[in-house]
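Asker: Next come the chains, spelled out residue by residue.
There are 2 protein chains.
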Amino acid sequence: MSEEAQAAFLEELLAEKILFATGVPGVVGRSATFESIVDGFDGLVKKFAKQDRAEIMRFPPVVTRTNFEKSDYLRSFPQLMGSIHTFVGNERDHMDLLKTFEAGEDWSKKLTKTDVVLCPAACYPVYPTLKGIIPDEGRIIDVISYCFRHEPSPDPARMQLFRMHENVCIGKPEKVQAFRDSWLERGLSMFRSVGLEPHSDLANDPFFGRAGKMLAVNQRDQNLKFEILHPITSVEKPTAIASFNYHQDHFGHLFGIHFEDGSDAHTACVGFGLERITLALLKKHGLDTKKWPAEIRKTLDLD
Amino acid sequence: MSEEAQAAFLEELLAEKILFATGVPGVVGRSATFESIVDGFDGLVKKFAKQDRAEIMRFPPVVTRTNFEKSDYLRSFPQLMGSIHTFVGNERDHMDLLKTFEAGEDWSKKLTKTDVVLCPAACYPVYPTLKGIIPDEGRIIDVISYCFRHEPSPDPARMQLFRMHENVCIGKPEKVQAFRDSWLERGLSMFRSVGLEPHSDLANDPFFGRAGKMLAVNQRDQNLKFEILHPITSVEKPTAIASFNYHQDHFGHLFGIHFEDGSDAHTACVGFGLERITLALLKKHGLDTKKWPAEIRKTLDLD
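Order-wise, the sequence lines are chains A and B. So for the first sequence, the working numbering puts the first residue at 11; every next one is plus one. So for the second sequence, the working numbering puts the first residue at 11; every next one is plus one.
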């Protein structure tokens with residue numbers, strides 16, 4: 011039932027040329043219309059980031075393999091990763107690679123790992139960059155990146171590659187938690203300002219396997235992750251369109267970010283899923299943005 | 011000599027916090043200053059694209075493996091590719107993966123290829139999307155994407171991940187060649203308008219191996235590729251900051267783009283390397299954009 015609604019919505023988006031199919035589930039092109047909504051909503055996030063004097067950092071859509079290995083990703087979300095491999099070899103090796111390809115065999119086995127892995131969340135490259143002492147009043151960093159999660163799906167709202175606009179706070183526990191809580195309020199009011207009916211809820215990450223189930227329970231028990239949800243293709247199962255996470259001293263400890271007194275910094279991140287938000291708006295207000303309420307068009311700078 | 015100049019310029023950019031190191035050569039974070047120059051120059055490209063009524067398409071930074079295999083990339087540039095692999099398996103397989111990792115062995119060998127490969131040039135996802143009949147007057151598509159090329163280097167202007175803004179013309183041979191030639195003129199005048207001293211030259215792609223040398227010679231003999239170059243860390247060896255390519259019917263034939271009468275469409279693409287252009291401007295006008303000539307600040311919308 012839910013899959014039918016997903017397929018039908020995707021079909022509509024493709025028919026209206028708002029998205030372009032590539033043949034791989036969850037990998038699509040975006041039209042000018044789609045991008046104008048992304049940019050419009052993103053502008054609202056930027057306004058708040060500017061209020062906070064967040065420092066802008068932009069990273070290419072990867073993390074270094076060293077930092078990826080340092081994080082818990084391999085343990086917690088191995089099924090979602092995107093490790094980048096290339097060809098290293100001489101002309102003879104190349105002939106062998108082409109022979110394998112031409113025989114219809116799996117030539118990818120002949121490749122060698124590079125020093126990078128696809129970025130799983132926009133904030134990942136920030137923590138290693140901040141290694142060292144940070145001021146007691148903390149820092150706020152603004153990042154946007156394409157993220158990769160290997161979860162092929164017929165749901166247009168579950169893309170394998172999507173953009174996440176995050177703000178990250180690094181500081182004392184109270185500051186970091188207040189940052190997260192205030193962004194949760196900002197998020198709810200931003201979504202309401204563009205005609206959505208969001209609600210927030212406690213959440214957990216999709217940890218792998220049985221051990222992962224324990225991690226998920228712990229994460230919930232400690233109120234570490236909240237999401238803002240909105241129906242896209244299902245009212246019963248609304249989609250998370252933004253998330254608000256308190257990591258305690260996890261990343262501070264892992265990547266050596268600490269205060270002058272040597273204590274580990276705490277961190278929180280708030281993330282807006284730009285594709286999912288755009289899809290929620292298209293579902294809510296219709297595929298023809300020219301017919302959207304004038305006030306919402308204005309808020310999203312669509313004129 | 012050249013490597014010293016490269017290392018020195020990179021060091022300056024890092025010291026001024028215009029770029030952020032990640033520990034991997036050619037993979038760096040960008041600051042607000044860097045991004046404001048990128049956006050400013052990109053705005054100039056967008057103005058011309060708008061004049062041409064180019065259709066905007068935006069793709070995530072990948073191509074499908076099927077389309078990658080259809081292209082000649084595996085044959086011509088295997089050393090530059092970025093194939094994306096993930097973990098597929100049950101909990102026992104996961105234990106095995108972690109054991110390999112913890113033993114300090116190469117756990118990447120245990121991964122499985124996904125359906126996507128990193129995008130080598132922004133225009134790659136366009137051609138398969140246009141499969142089918144195109145009107146005789148042709149189409150112009152505007153794309154921007156992060157691109158990956160595995161060529162680790164100390165040169166800040168040779169990044170492994172960088173953004174390319176491309177316009178692609180699909181149409182009759184005369185139209186497509188005129189498009190390329192007019193963009194070459196536009197490019198030269200755009201660069202002059204921001205105080206650079208560009209020059210254009212015949213060029214070839216970095217084809218792999220001995221067979222590749224032949225391909226490069228052919229490409230030059232047929233005047234298929236031009237570049238605009240500008241000194242960044244070396245006057246003797248200026249860096250290509252934009253390229254202008256005529257593919258004849260190569261992509262039209264490969265991806266089934268044809269006219270009503272069944273003949274294959276010709277294509278050309280023009281690409282602006284946003285990171286290289288930004289580095290050329292920083293080298294030319296200095297690292298403090300506030301001290302740049304007022305007229306150039308205005309042209310780049312830096313105020």
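Bear in mind the hints are in silico, worked out from the structure with no lab data behind them. There's no promise every hint is true.
Because identical chains share one entry, a pair is satisfied inside a single copy or across any pair of copies.
Unchecked claim - As a list, the in silico DSS-like pairs of lysine-lysine whose alpha-carbon atoms are at most 30 Å apart:
#: 1; residue 1: K80; residue 2: K119
#: 2; residue 1: K80; residue 2: K300
#: 3; residue 1: K123; residue 2: K60
#: 4; residue 1: K247; residue 2: K300
Asker: Up to 30 Å between alpha-carbons, please classify K80 paired with K119: within, between, both or neither.
Answerer: both (25 Å within a copy, 19 Å between copies)
Asker: Please work out whether the CA atoms of K80 and K300 approach to 30 Å or closer within one copy, between two copies, in both situations, or in neither?
Answerer: neither (48 Å within a copy, 39 Å between copies)
Asker: Have a look at K247 and K300 and pick one of within, between, both or neither, based on CA distance no larger than 30 Å.
Answerer: within (29 Å within a copy, 51 Å between copies)
Asker: Pop the pair K123 and K60 into one bin, within, between, both or neither, using alpha-carbon distances up to 30 Å.
Answerer: Neither: 39 Å inside a copy, 41 Å across copies.
When each numbered hint is compared with the structure, violations occur for hints 2, 3.
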